[in-house]
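K.L.:
Each protein sequence line maps, in turn, to chains A and B. For the first sequence, this note's numbering gives the first residue as 1, with consecutive numbering after it. For the second sequence, this note's numbering gives the first residue as 1, with consecutive numbering after it.
Warning: the hint list may mix true and false statements.
Capping the alpha-carbon separation at 35 Å, the derived lysine-lysine pairs in DSBU-like fashion look like this [unchecked claim]:
| no. | chain 1 | residue 1 | chain 2 | residue 2 |
| --- | --- | --- | --- | --- |
| 1 | A | 171 | B | 11 |
| 2 | A | 209 | A | 258 |
| 3 | A | 328 | B | 11 |
Calculated from the structure, these hints are not laboratory results. The structure presented is a predicted model; accordingly, all values stated were derived computationally and were not measured.
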Amino acid sequence: MKIVIVAFDNDNHTAPLKWALEQAGFTVVCWAGLSWTDQQRASLSLGTSTRLMLGSHSIDPGDVIWIRRPSPPVHNPSVAEPDKNFAEGEYRWFSLSTLYFLECLPVRCINKYSASRFINNKSVQLFLARNCGMNVPGTLMSNSPAEVKAFLKESSNPTVCKAFFPHIWKKEDSEALAVTETFEITADMLPADEVLTYAPAIYQERVVKDFDVRMVLMGAAVFSYSLHNPRGSLDWRQDVGQGLVIVDQIDTPPEVEKAVLAFARSAGITFGSFDFAVDAAGNWWFLEVNEEGQFLWLDEFNPAARIQEKFLAFLTLPEGSSKEAIEKQQPLFPSWKDFCRAPAREQVAPEQYVGAPILSIEP
Amino acid sequence: MASHNDQPVMKRVLSRTAARELTPKEMEQVSGGIHTNTVCTFDAKTNHADGDVGEC
Numbered sequence: 001m002k003i004v005i006v007a008f009d010n011d012n013h014t015a016p017l018k019w020a021l022e023q024a025g026f027t028v029v030c031w032a033g034l035s036w037t038d039q040q041r042a043s044l045s046l047g048t049s050t051r052l053m054l055g056s057h058s059i060d061p062g063d064v065i066w067i068r069r070p071s072p073p074v075h076n077p078s079v080a081e082p083d084k085n086f087a088e089g090e091y092r093w094f095s096l097s098t099l100y101f102l103e104c105l106p107v108r109c110i111n112k113y114s115a116s117r118f119i120n121n122k123s124v125q126l127f128l129a130r131n132c133g134m135n136v137p138g139t140l141m142s143n144s145p146a147e148v149k150a151f152l153k154e155s156s157n158p159t160v161c162k163a164f165f166p167h168i169w170k171k172e173d174s175e176a177l178a179v180t181e182t183f184e185i186t187a188d189m190l191p192a193d194e195v196l197t198y199a200p201a202i203y204q205e206r207v208v209k210d211f212d213v214r215m216v217l218m219g220a221a222v223f224s225y226s227l228h229n230p231r232g233s234l235d236w237r238q239d240v241g242q243g244l245v246i247v248d249q250i251d252t253p254p255e256v257e258k259a260v261l262a263f264a265r266s267a268g269i270t271f272g273s274f275d276f277a278v279d280a281a282g283n284w285w286f287l288e289v290n291e292e293g294q295f296l297w298l299d300e301f302n303p304a305a306r307i308q309e310k311f312l313a314f315l316t317l318p319e320g321s322s323k324e325a326i327e328k329q330q331p332l333f334p335s336w337k338d339f340c341r342a343p344a345r346e347q348v349a350p351e352q353y354v355g356a357p358i359l360s361i362e363p
Numbered sequence: 001m002a003s004h005n006d007q008p009v010m011k012r013v014l015s016r017t018a019a020r021e022l023t024p025k026e027m028e029q030v031s032g033g034i035h036t037n038t039v040c041t042f043d044a045k046t047n048h049a050d051g052d053v054g055e056c
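Given only the sequences and the hints, what does the whole structure look like? Please build it.
P.N.:
Here is the structure:
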């Protein structure tokens with residue numbers, strides 16, 4: 001068995017985890033996604049036998065494929081201008097064919113590509129979460145001014161507005177930045193109707209929370225961490241970047257764990273980072289799940305979390321292994337702090353990856 | 001958010017109107033002095049983002 005990580009080897013999670021796996025004696029290879037370059041080519045043979053090559057690596061029965069962060073397909077820039085659109089489309093379709101095809105092979109995918117595409121939709125997440133018994137704030141996703149106004153008028157709780165996807169604006173003549181952030185909104189704060197049609201948004205009843213929870217799903221196990229941020233921000237993500245969050249391991253209420261595992265079955269995922277808000281009465285409110293969510297920052301803030309070792313145990317144990325099995329296996333692997341101290345960290349090339357058009361330049 | 005029921009200003013989206021402008025201290029951290037490199041960071045000098053964009 002080898003571990004195949006679909007990401008660049010200098011990706012911020014791939015580098016430490018690959019190093020830790022190799023320290024523990026596992027074979028790890030990386031493939032960043034389809035591109036015209038030698039290491040990112042792919043070949044899929046469907047003859048008397050089936051064979052998939054990702055770069056120079058064959059995918060073999062029993063392999064574990066962690067689809068961490070496939071880069072968008074890249075065609076050869078030397079292709080003639082009149083053929084670029086065609087080449088781009090062919091690369092896109094072959095990339096999709098490759099990623100979906102992994103599910104046809106006798107390998108373990110974390111997560112299956114089809115499941116990851118499905119669950120990355122916030123509407124699907126909220127619907128499944130509610131159906132699986134989780135508390136979900138009342139939500140409207142819309143670009144219809146009439147619907148937005150009605151939702152805000154009818155809501156008995158304070159309401160927040162958030163984007164489907166984060167974005168950064170940068171002034172063209174300076175380094176000043178502005179970042180999307182969840183913000184409170186009321187009916188009398190609404191701009192002219194036309195503005196609400198410029199971009200759809202998510203309007204949601206605000207959970208008056210005591211603290212946030214980041215939960216990491218690993219197959220049949222969940223690990224939860226409370227996030228207290230002294231500023232009391234609506235959205236803790238930017239505060240994490242500023243080092244302003246306190247992370248503590250906490251128990252998951254049994255009914256929440258049961259609901260999350262049911263959610264995972266419905267969605268077809270075995271790994272993901274879940275966000276909850278916990279109110280003063282101790283109720284856990286589902287906010288979202290990111291199946292490619294980052295988790296090593298939990299170790300950075302609280303080394304006792306040992307989330308790196310847990311994830312590697314999950315990756316290398318048979319599918320469906322219990323929480324006890326994961327915790328028993330985890331001492332096999334070095335920690336995030338070990339990686340930080342290792343010379344290997346200094347050898348990791350800086351990332352230069354922009355996975356989506358999250359940046360706009362403004363005057 | 002400053003805008004109320006007045007005319008659209010510069011035709012900006014609601015999320016931009018409410019976006020958080022980073023303070024000089026935050027800028028310094030986002031631009032390189034960040035405490036952890038495992039959450040999305042953005043280098044304003046090179047316009048490069050790292051981390052998972054879904055978590056920026």
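K.L.:
Hints first: check each against the structure and report whether it holds.
P.N.:
Each hint tested on the structure:
For the hint pairing residue 171(A) with residue 11(B), the CA-to-CA distance comes to about 17 Å; that is within 35 Å, so the pair holds. Proximity of residue 209(A) to residue 258(A) is assessed by CA-CA distance (about 22 Å); at most 35 Å being required, the pair is judged to hold. The straight-line distance between the Cα atoms of residue 328(A) and residue 11(B) is roughly 57 Å, outside the 35 Å bound, and the hint therefore fails.
Of the numbered hints given earlier, the model fails hint 3 alone.
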